[in-house]
Amino acid sequence: MTTPLLQVEHLRVQPPGAERPILEDVSTVIRAGERVALVGPSGAGKTTLLRALNGSVRALSGRILFNGIQLDDRSSRILRQVRRGMAVIPQKHDLVENLKVYHNVMAGALGRWSNAHALRFLFWQTASELDEARHALDRVEMANKLHDSAGKLSGGQQQRVAIARALVQKPLLILADEPVASLDPRMARQVLELLCKLAEDDGVALLCTLHQPELAREYFPRTLEMRDGKLTTDSAGQAPVAPTRSAGEAPAWTPGNA
Amino acid sequence: MSDWSNAWSTLVSFFPPDLSLTYLWALRGPVLESLGMTVGAMVLAYVLSLPIGLYLGMRGPGSRPILWLLTSLRAIPDLTLAIFCVIAFGIGPGAGLLALAIFYAAALGKVLADLFQTAARGPMAALRATGASRAQVALYGLLPLKLSDVITYGSYEFECAVRSSVIVGAVGGGGLGAELVGSLNAFDFQRSATIVLILVLMVALIDFAAFHFRRRPRWVAILIPFGAYALYALWPHNITLVHAAHTIAGMFPPTLPAKAWATLPTLLLETVEMAVFGTLLAVALAIPLGMLAARNLTPFWLAIPVRRALEVLRAIPEVVWGLILVAIAGIGPVAGIWALGLHSAGCLGRLFAESFENVPVAPVNAIASTGASRLSIATYATFPLAIGPLAIHGLFRLEWNMRQATVVGMIGAGGIGQALYEAQQLFFYPRMMAYLIITWLVVLLVDALSQHTRRRLDGAHLAIEERVH
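Protein chains in written order, with the numbering used here: chain A, 1 to 258; chain B, 1 to 469.
By construction, these hints were calculated from the structure, which means they are not laboratory data. Incorrect hints may appear among the rest.
Claimed, not checked - Derived SDA-like pairs (lysine to any residue); straight-line CA-CA distance at most 20 angstroms:
{"no.": "1", "chain 1": "B", "residue 1": "K110", "chain 2": "B", "residue 2": "N365"}
{"no.": "2", "chain 1": "A", "residue 1": "K100", "chain 2": "B", "residue 2": "D447"}
{"no.": "3", "chain 1": "A", "residue 1": "K100", "chain 2": "B", "residue 2": "K110"}
{"no.": "4", "chain 1": "A", "residue 1": "K170", "chain 2": "B", "residue 2": "N365"}
Unchecked claim - What follows is a set of in silico ranges between Cβ atoms, one per label pair, in the way DEER data are often shown:
{"no.": "5", "chain 1": "A", "residue 1": "D73", "chain 2": "B", "residue 2": "I224", "range": "53 to 61 angstroms"}
{"no.": "6", "chain 1": "B", "residue 1": "I331", "chain 2": "A", "residue 2": "T126", "range": "28 to 36 angstroms"}
{"no.": "7", "chain 1": "B", "residue 1": "L205", "chain 2": "A", "residue 2": "R63", "range": "47 to 55 angstroms"}
{"no.": "8", "chain 1": "A", "residue 1": "S128", "chain 2": "B", "residue 2": "I331", "range": "33 to 41 angstroms"}
The structure presented is a predicted model; accordingly, all values stated were derived computationally and were not measured. Using N, Cα and C, we set each Cβ at its ideal position, and we do this for glycine too.
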């Protein structure tokens, strides 16, 4: 539980043509199985940080180490290897709506399937593969939608399918982008409870961006706060780059014997 | 086997193209004739179709029958019209020019009418409120409101007309088309290859010019003196309406002998088969080619040459492919299927590539974020997301190929087109007229069917969109 899983060192992201960097000198460490909330006002760079971790946004400088591999988006082999270990739950779920629910769920396995296997599954599915998809859907209480078309689901149902896709990926880290942004408070709690429970059951680390600091405090042992592209506060007390106020009022989780 | 080796040795004999200066210089006449035919016919077509389009746009009295007349004129394939004009006005570029002018006046009239009918209601009502006459409202409201669309669609039709000018030449309309048929009949295949190369270059040049006309519409004016001169120089000089009327009267009443009636279902089936298999071949070629040409799926060093190859496939019209393939593979529907398939593959390849490029980015990123390979991303996200537009483009193409199947039939690919052409060659004009009317009815029927299907498809598509948003 205590080995560093993800190390981010002096990460700087500035798209070509932009006047100022979106991320400036971001450094942090996330350990295996840790649950971390990333909070901050919109436009602070939370989503960009998630996308940079995943190699979807190119870093200007700095270093990302994931599970002992240094992320290098110029090598598609390394990029795929890193992505395989990191499941993304996008804010808008981003399912492929013309495909069935089971296709979307098992898309989580594409990183470990061969091309031939992937092509075959599009047209012909074995019972054990469908069982795997059904099991993942069962954990998000959606098993009855296995054979539905993804485009027919409601927004909330699509989110659960996106979560099931992440589970099938069997990742070491789940990156969830604003999973409760558009939900009412009661639904938001339900989704966060589900995410945290799933992560805990599988021993997966979870990094989740949130708007509401009170939800972060309630569900996450550790909170990172971002402002203007910089990490300003880390409730775990690990020295952030430029602390603007005293770190962590109630650190529910401490690094222990890190 | 010997068929294949024969075809192969014929194919090889097209290379290298005859690029000697003497031959290229000798082609200047046919090239100018084809260009003159195009520009002259298009100037005439614009002059005729603009007032018609404006009148229909204003929904003047009698709009419905006029629109119906335009639709039915447009349903006569360009090659058929050319045969007709050659009979009525004699062999030569004049007949080709008139055929092009009639075909594109009808096509443009319909397009412009559709455009003008969608003009914003507000400004038009305001103009009418000033007490302006119909013509004034058309000039001050419709035309300025839709000018950029008129130029865009007009230049697209212009690009099509260049290709058509070669097609009508093939049945006695003069220009490059006549030259191509001559070289093929003389088994002078290296020169045929030269002509095809020149055609590809001409289409590229017109593409380039049309692109600039769309950005600087005023430059279109330089075409007017050129077109007027072409009209003057190429106009059929011994045009006698009495003779033309007499010839056309000789085609009535259209009659088919009993034996021809018996073979009619077979002929029609052959034509339909040609269209269906040609379209299937095109789709089978266009899916991989479209993926290779899509900038979001393929690195640019591969996508750009594939795009150029698609442009070449597209620049050579079905009839020209047909002429070449009949020379290579012999007379019969196989040549027709390949002729439709290769040209359509060029058109569909480009449309498919655009459909792949227009796929929403987010779901593709979501699949990529699982560590999926390029091929898996393409098959699990890009392809399923593009399937709707792909189906619509494919259906459009099937409709188009139904019409073109009769046309490539005329140059030896079988079906009803070939029967029509044989009747014309033997001067059996009443029989030719009968085939012409049957083809025309089939094309009208297919148009109506496909419009119905597309409306339903669009409806289904919209229903899905509504549910999502």
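Inset, instruction - Any hints from earlier that this structure breaks? Give me their numbers in increasing order, please. - result: Those not satisfied are hints 1, 2, 3, 6, 8.
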